[in-house]
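K.L.:
Okay, here's what each chain looks like letter by letter:
There are 2 protein chains.
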Amino acid sequence: MSFKVEAEISQFGGKLYKLSHESTSTNTKMDVNVYVPGSSPKTKIPVLLYLSGLTCTPNNATEKSFLQYFAGKYGFAVVFPDTSPRGANIEGEDDSWDFGTGAGFYVDATEDKWSKNYNMYSYVHKELLTELEKHFSALDFSNISITGHSMGGYGALAGFFKNPGQYKSVSAFAPISNPSSCPWGEKNFGNYLGSDKSKWEEYDPSHLIKKYAGANQPDILIHQGAADPFYFRDHQLQPENLVAAAKDSNYKGKVLLNVVEGYDHSYFFISSFVEDHAKHHIKYLGLSE
Amino acid sequence: MSFKVEAEISQFGGKLYKLSHESTSTNTKMDVNVYVPGSSPKTKIPVLLYLSGLTCTPNNATEKSFLQYFAGKYGFAVVFPDTSPRGANIEGEDDSWDFGTGAGFYVDATEDKWSKNYNMYSYVHKELLTELEKHFSALDFSNISITGHSMGGYGALAGFFKNPGQYKSVSAFAPISNPSSCPWGEKNFGNYLGSDKSKWEEYDPSHLIKKYAGANQPDILIHQGAADPFYFRDHQLQPENLVAAAKDSNYKGKVLLNVVEGYDHSYFFISSFVEDHAKHHIKYLGLSE
Numbered sequence: 005m006s007f008k009v010e011a012e013i014s015q016f017g018g019k020l021y022k023l024s025h026e027s028t029s030t031n032t033k034m035d036v037n038v039y040v041p042g043s044s045p046k047t048k049i050p051v052l053l054y055l056s057g058l059t060c061t062p063n064n065a066t067e068k069s070f071l072q073y074f075a076g077k078y079g080f081a082v083v084f085p086d087t088s089p090r091g092a093n094i095e096g097e098d099d100s101w102d103f104g105t106g107a108g109f110y111v112d113a114t115e116d117k118w119s120k121n122y123n124m125y126s127y128v129h130k131e132l133l134t135e136l137e138k139h140f141s142a143l144d145f146s147n148i149s150i151t152g153h154s155m156g157g158y159g160a161l162a163g164f165f166k167n168p169g170q171y172k173s174v175s176a177f178a179p180i181s182n183p184s185s186c187p188w189g190e191k192n193f194g195n196y197l198g199s200d201k202s203k204w205e206e207y208d209p210s211h212l213i214k215k216y217a218g219a220n221q222p223d224i225l226i227h228q229g230a231a232d233p234f235y236f237r238d239h240q241l242q243p244e245n246l247v248a249a250a251k252d253s254n255y256k257g258k259v260l261l262n263v264v265e266g267y268d269h270s271y272f273f274i275s276s277f278v279e280d281h282a283k284h285h286i287k288y289l290g291l292s293e
Numbered sequence: 005m006s007f008k009v010e011a012e013i014s015q016f017g018g019k020l021y022k023l024s025h026e027s028t029s030t031n032t033k034m035d036v037n038v039y040v041p042g043s044s045p046k047t048k049i050p051v052l053l054y055l056s057g058l059t060c061t062p063n064n065a066t067e068k069s070f071l072q073y074f075a076g077k078y079g080f081a082v083v084f085p086d087t088s089p090r091g092a093n094i095e096g097e098d099d100s101w102d103f104g105t106g107a108g109f110y111v112d113a114t115e116d117k118w119s120k121n122y123n124m125y126s127y128v129h130k131e132l133l134t135e136l137e138k139h140f141s142a143l144d145f146s147n148i149s150i151t152g153h154s155m156g157g158y159g160a161l162a163g164f165f166k167n168p169g170q171y172k173s174v175s176a177f178a179p180i181s182n183p184s185s186c187p188w189g190e191k192n193f194g195n196y197l198g199s200d201k202s203k204w205e206e207y208d209p210s211h212l213i214k215k216y217a218g219a220n221q222p223d224i225l226i227h228q229g230a231a232d233p234f235y236f237r238d239h240q241l242q243p244e245n246l247v248a249a250a251k252d253s254n255y256k257g258k259v260l261l262n263v264v265e266g267y268d269h270s271y272f273f274i275s276s277f278v279e280d281h282a283k284h285h286i287k288y289l290g291l292s293e
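Heads up: the sequence lines are chains A and B, in that order. Under this note's numbering, think of the first position of the first sequence as 5, with each following residue one higher. Under this note's numbering, think of the first position of the second sequence as 5, with each following residue one higher.
If you're looking for bench data, these hints aren't it; they were derived computationally from the structure. Take these hints with a grain of salt, some might be off.
One copy or any two copies: either way a pair holds, since identical chains are not told apart in the list.
Stated by the list, open to error - Listed below are the simulated DSS-like cross-link pairs for lysine-lysine, each with C-alpha atoms no more than 25 Å apart in a straight line:
id	residue 1	residue 2
1	K19	K283
2	K138	K33
3	K283	K77
4	K19	K68
5	K138	K19
6	K46	K19
7	K287	K77
8	K46	K77
9	K22	K68
10	K283	K68
11	K258	K287
12	K166	K138
Only chain A is shown next, with the shape it has when bound in the complex (with noise of 0.2 Å):
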């Protein structure tokens, strides 16, 4: 479906574009958000694809990551989707802040209660990205890359191996690194895909980083705070499961995991390293510092 432009806003020489549209994948209407550069050195503008953490909508990175501004540096466009259909009308969707609305986990949904709306993994990395392709004809989807925070590392990475060739490389912030061994995935995971924990392996980054076997196989860049208290309290991050996974596999780009002292797991924490997360990617998608 076509979308509507809610809002175009000019931001660091570029455009800033509020977008809704018909999901036919959620069955819902859905925002995004997409930075336009004002210039790229590249005849099509490469594209990177920004997943958001629990409750976010594509508001919060857009207004506190700056991510923009080193895409209008360097010369690509960013999409910030969704984290979730809203407004579904499903009984229990807005019960807890970690679960439904505002978090849809980046999965296709099979529980039956779910599986109508809360189909994310296909808007986000096939439905979405096509349609965007549609409406944005300056814009190169075949070069791509992923990254986001969070519950959207975890999106990105699993995206990523999930769908050899379709990005060019992957990075992410404080992702959830082994979903399928902790309180976040574990309460997802057993809603929307049900007990049968073989099939959230199939979205888990570090067993999906065991069984790629994709050509492209790019360093992955990631920051963890070490005063975020997700990962040292909580351990629902657990970076470390998907670097120990990585060696225990053919996978061979490095996992670069920064474990960085004082910082927690706000935006603060991912306004200050998207700066080497836009110049990790910017290798892959042929643009340069």
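Please build the complex by placing chain B on the supplied structure of chain A, with the hints as guidance.
P.N.:
Coordinates of chain B only, in the frame set by chain A:
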């Protein structure tokens, strides 16, 4: 009064402090955010005072301006004060979004109803800086510049002209440049200062520049979005009036007014030009790119 540290957050290699204190100027508790860079080329760290616009708390600019990126890069601190007393319990203070709470208008109120609390001029330019100097011994409050947005842009310009020698340089984003003759200024000056318009001129940049006699006469950098409805539709901002007043004055610095096509009044506009403003101020603060 000493500050209570409400939060200490890592960002861009430095620390963001969310502070509160009891103000003797406003007779209320006041919040203020201070960003301290991780390092600076100067032994004592220069300071930029950022005054926010109508409705804002210290958090809006802290989260959305992107100023801390350049503060961290060049080595200066940033002070983000609040825009009014809050909870003063004055009848009518919460009746409109552009007067009272969130709209202190950086004056010392003389009308009885407001004069006990609405003293943001003395608070921002005197009390707050004096108290912060005691708290942050690494910061150099004798090497300070000032900027701001909208009401805060006016506040920065007025504060610069009214305190010769206090600020090394001044800039503004979409400032209310001639508040004596626009609806926002008339409403706020009228309520806080009374009906004698000669009192209003004591805070009006387009009047103050004509009688400024300070030795320090730096260039004044201003950005104004051409698509800002408060500019082109409502005539609240009128930066051309300041340019005209400067021509009609002995002020030696240039008023560098940049009317930028397509930009609005939002933080997307501010964040797009904080780099230019940071580069403007560091010249006067003894820092370099």
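K.L.:
Next, verify each hint and record whether it holds.
P.N.:
Here is what the structure says about each hint:
1. K19 - K283: Close inside one copy (21 Å) and across copies (24 Å); limit 25 Å.
2. K138 - K33: Within one copy, since 18 Å is at most 25 Å while 53 Å is not.
3. K283 - K77: For K283 and K77, the Cα distance is within 25 Å both inside one copy (11 Å) and across copies (17 Å).
4. K19 - K68: Result: close both inside a copy and across copies, 16 Å intra and 17 Å inter.
5. K138 - K19: Cα proximity of K138 and K19: one copy only (18 Å, versus 43 Å across).
6. K46 - K19: within (17 Å within a copy, 37 Å between copies)
7. K287 - K77: both (14 Å within a copy, 23 Å between copies)
8. K46 - K77: Close inside one copy (13 Å), not across copies (28 Å); limit 25 Å.
9. K22 - K68: Cα proximity of K22 and K68: in one copy and across copies (15 Å, 17 Å).
10. K283 - K68: Cα proximity of K283 and K68: in one copy and across copies (19 Å, 22 Å).
11. K258 - K287: within (15 Å within a copy, 42 Å between copies)
12. K166 - K138: within (24 Å within a copy, 56 Å between copies)
This entry satisfies every hint, going by the numbered hints stated previously.
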